[in-house]
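Colleague: Turn these sequences into a full structure, and let the hints guide you.
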Amino acid sequence: MVDRIAHQILEKTSGAAETVLLGIPTRGVPLARRLAARIATFEGAEIPVGVLDITLYRDDLRLQATRALGHTEVPPGGLDGRRVILVDDVLFSGRTVRAALDALKDLGRPRTVQLAVLVDRGHRELPIRADYVGKNIPTSIEESVRVSIAEHDGTDAVVIKNRGAQT
Amino acid sequence: MIKHLLSAADLDAAAATLVLDTAAEMASLAGREVKKLPALRGRTVVNLFYEDSTRTRISFEAAAKRLSADVINFSAKGSSVSKGESLKDTALTLQAMGADAVVIRHPASGAPHRLANWVEGSVVNAGDGTHEHPTQALLDAYTMRSRLKRLAGLNVAIVGDVLHSRVARSNVQLLHTLGAKVTLVAPPTLLPVGVGAWPAATSYDLDAVVPDSDVVMMLRVQRERMNQAYFPSEREYARRYGFDVPRMRRLPEHAIVMHPGPMNRGMEIAPEVADSPRSTIVEQVANGVSVRMAVLYLLLGGKA
Chain A
1167 MVDRIAHQIL EKTSGAAETV LLGIPTRGVP LARRLAARIA TFEGAEIPVG
1217 VLDITLYRDD LRLQATRALG HTEVPPGGLD GRRVILVDDV LFSGRTVRAA
1267 LDALKDLGRP RTVQLAVLVD RGHRELPIRA DYVGKNIPTS IEESVRVSIA
1317 EHDGTDAVVI KNRGAQT
Chain F
63 MIKHLLSAAD LDAAAATLVL DTAAEMASLA GREVKKLPAL RGRTVVNLFY
113 EDSTRTRISF EAAAKRLSAD VINFSAKGSS VSKGESLKDT ALTLQAMGAD
163 AVVIRHPASG APHRLANWVE GSVVNAGDGT HEHPTQALLD AYTMRSRLKR
213 LAGLNVAIVG DVLHSRVARS NVQLLHTLGA KVTLVAPPTL LPVGVGAWPA
263 ATSYDLDAVV PDSDVVMMLR VQRERMNQAY FPSEREYARR YGFDVPRMRR
313 LPEHAIVMHP GPMNRGMEIA PEVADSPRST IVEQVANGVS VRMAVLYLLL
363 GGKA
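Chains as they are written, first to last, in the numbering used here: chain A, 1167 to 1333; chain F, 63 to 366.
It is worth saying that the hints were derived from the structure and are not from the lab.
Don't take each hint at face value.
Partial selection, computed: residues in chain A whose CB lies under 8 Å from chain F [stated by the list, open to error]:
#	residue
1	1207
2	1223
3	1229
4	1234
Calculated lysine-lysine pairs in the DSS-like style (CA-CA distance at most 30 Å, straight line) [to be verified]:
#	chain 1	residue 1	chain 2	residue 2
5	F	365	F	97
6	A	1271	F	365
7	A	1271	F	97
8	F	365	A	1327
9	A	1271	F	98
10	A	1178	A	1271
11	A	1301	A	1327
12	F	98	F	127
13	F	150	F	65
14	F	365	F	145
15	F	127	F	139
16	F	97	F	65
17	F	127	A	1271
18	F	127	F	97
19	F	65	F	139
Backbone N, C-alpha and C fix where the C-beta goes; we use that ideal spot for every residue, glycine too.
Modeller: Next up, the structure:
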C-alpha cells in the first residue's frame, strides 16, 4: 500500500521535486518516513520529512481532558514555496486534516498542500479529500479502523472491528 | 492535571516532567514567524498583581497572549484596592467578569490559597510573600535540564537570603521531587527556623560547597523585607556569600550560575559572573515564557 502511494506521488508530481512530507503524529510520522524511503529507492530523490503536531489546533481540545503535546519538526529549508504532502494513517471525519491545515498556516506558506492517507474510510464531516490513498475501505460509522505500524505497534496491520466488540 | 498551581508541592514527578516537556515544545514557537497558538482562544487570564514585578508579570502576559488568551492586567496601584477593597471582593469581581484563570502575586503568604476558594477558575501562584513561587522553580528546573541534560542527581547549591525567599522554598520542593540534591548556603541569620525539616542539606560555608556543585543559584538579598540587621555589613556579606570570579573559577567545568532576578550586582553576584557565559540569567527569563505557557495550557487547555 505504501508502494502504491509512493508511485502515485511520483506520477502526479513528476518526480516529487521541491516536495516535503509532513507526518501527523502518531502513526503518520513513520508512514511519512517509509514513503520517503520508497520514493528514494524508486527515483533516487531524497525528500525531506517533517512532523506536524496538531494538538493545539484541534477543534475538540476543550471537550476532553488536557492532552500532552507532540513534537513539531519542520525540515531544513522550511515550507515556503514548496509542495507539502500531509501524511496520516486514516482519513475519517477530516477534522485532523483541518487542524493540520490551520497549524500549517502558522508555519509558512507552501505552494500547494496535498494529503496522503493509508486508509480512507469515508464519513467525512468537512469538505476535505485525499490526493493519494493507499486503500479505500467503505465502513459503517459503528466500526472502528485501527492502523498498526511496526515502528510504533510492533506489527503492520489494518484492523476493522465493531466498536464495543470484545477483542 | 491539577486545577490550581499554588505550590511546587502540588506537582509530583510525573506532572512536573509533563510541564517541562510541554515547555520544551512551547519553546520551539520562539523560532517561528507566527509566535501564536490558538489553544486558549476565548479564555480570559487575569494578572492580579499586588506587588511590583517586571519579569513575572510580563512573562505571564506574553505566555497568555501567545496562547491567544485574553489578558487583563490588574495592579493594586490605581485600582479600588487603594480605596480599601478587600481581596475577597476583588476576587468576586473577577469571578463576575468570568476569569478562567487568575495569576496572583501578593505580599501575604497564603493569599493564593484563599483566592482559590473564592473563584471558580484556576489560580496560579506568581509569588506570595515569603512562601512560594512555583513557576519560578519550574523555569529554573527547565533551565537546568536544558543546560545540563538531566535533573536527577544534580548537586544544586541555593545561596543567600533563604529566609525571605519564596524562590528557594519552591525550588527545594520541586528539585527534591525531581531527584536533585539541594544544599542551602546562607548565614545562620538568613536560614529559616525549621529548615532541618526541609528536604535539603544546609551549610554556612559557600567555599566548601562550590567545588561539588553542578548548579549555583544565587538569591537576591531582599532588603525590602528586612526589618532588622541580619548581617553586619554589605561588604562582609558580599565577601562571604557573594559569588565572585575566584569562586566561579573553582566551579566544575560544566557548572552553571543562576539568579532569579532582579540582581543586586556586586552584592550577591559580581557583575563579571552575571555577564559570563556560565550565567543563565537571561536564558531563565526567556524560558519563563515557555514554562508559563505550558502551565497555562495544562491548567486551561482541556475540559474544565
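Colleague: Which constraints among the numbered hints does this structure fail? Numbers only, ascending.
Modeller: Hints 1, 14 not satisfied by this model.
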